[in-house]
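K.L.:
Sequence:
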Amino acid sequence: MEILQNIPITIDRQVLFAQAHIRPESEDDRILSELIAAIEPGIRPKAIYQRAYIDGKDEQGVTIAGKRFTSAVLSVNLAQIERVFPFIATCGVEVEELTRPHTDLLHQYVLDLLKEQVLRAAIAHLLDCVRTRHAPGQIAIMNPGSLADWPLTEQRPLFALFGDVKRLIGVELTDSFLMSPVKSVSGIIFPTHASFENCQLCPREVCPNRRAPYNQTLAEEKYHLSM
Numbered sequence: 001m002e003i004l005q006n007i008p009i010t011i012d013r014q015v016l017f018a019q020a021h022i023r024p025e026s027e028d029d030r031i032l033s034e035l036i037a038a039i040e041p042g043i044r045p046k047a048i049y050q051r052a053y054i055d056g057k058d059e060q061g062v063t064i065a066g067k068r069f070t071s072a073v074l075s076v077n078l079a080q081i082e083r084v085f086p087f088i089a090t091c092g093v094e095v096e097e098l099t100r101p102h103t104d105l106l107h108q109y110v111l112d113l114l115k116e117q118v119l120r121a122a123i124a125h126l127l128d129c130v131r132t133r134h135a136p137g138q139i140a141i142m143n144p145g146s147l148a149d150w151p152l153t154e155q156r157p158l159f160a161l162f163g164d165v166k167r168l169i170g171v172e173l174t175d176s177f178l179m180s181p182v183k184s185v186s187g188i189i190f191p192t193h194a195s196f197e198n199c200q201l202c203p204r205e206v207c208p209n210r211r212a213p214y215n216q217t218l219a220e221e222k223y224h225l226s227m
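Everything in the sequence shown is counted per the UniProt record's numbering, starting at 1 for the first residue and increasing by one.
Worth double-checking, as some hints may not be accurate.
[Stated by the list, open to error] DSS-like, lysine-lysine: derived pairs with alpha carbons at most 27 Å apart:
1) Lys67 with Lys222
2) Lys67 with Lys57
3) Lys222 with Lys57
4) Lys166 with Lys67
Keep in mind the hints are simulated off the structure, nothing from the lab. Predicted model only: the values in this text are computed from it and were never measured.
Just need the whole structure built from these sequences, with the hints factored in.
P.N.:
What follows is the structure, encoded as structure tokens:
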């Protein structure tokens, strides 16, 4: 198990302010720049991952390090794979606590974008570590809750792989299987010879985070999903 805590992060204010449509040299620019400058030193993104091996497979799912994961899509993706990298990454409880007192709606929106930027930095660092330390080749990721085939309830066995995740990196699984801090993500990294994005199997038309178009042929022919 690897815990990643000293993750380098530099907030890109220009990107944040462009996303929030904040005019340069405006009063909002000044106030938010001062706010971010005060918050930035306390930001502590974190991630945890482990190298794990597949114990068993069938058409409905896989068993990884003794934990059962039920997903036909995951089973197809791991059909020829023996080694995977379960993970959890987070913006960190520190930035969550630092941003909580601010009630101005614009400030809340920008700080939410900031936490997303911090989370992306944590994920990028995690992926760099996996590539450098384990040389998996081309990789893809699946996340519980990203597809109907692999619902949020599958967070439970993933968290169970790591034990006390709250103590290790500050992330807690709620009764509804959401994570706290909210800007956290979990999943399984796996080697692949073909590119894969969860979005390819999701027919939802309106999604701001879509990374690839829906591929109905792929969904039906390779994964046997009927929408």
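K.L.:
Confirm or reject each hint.
P.N.:
Verification of the supplied hints:
1. Lys67 with Lys222: Satisfied, since the Cα-Cα distance of roughly 25 Å is no more than 27 Å.
2. Lys67 with Lys57: 12 Å, holds
3. Lys222 with Lys57: With a Cα-Cα distance of about 17 Å, the restraint between Lys222 and Lys57 holds, given a limit of 27 Å.
4. Lys166 with Lys67: With Cα atoms ~19 Å apart, Lys166 and Lys67 stay inside 27 Å; holds.
Going through the hint list in order, the structure satisfies each hint without exception.
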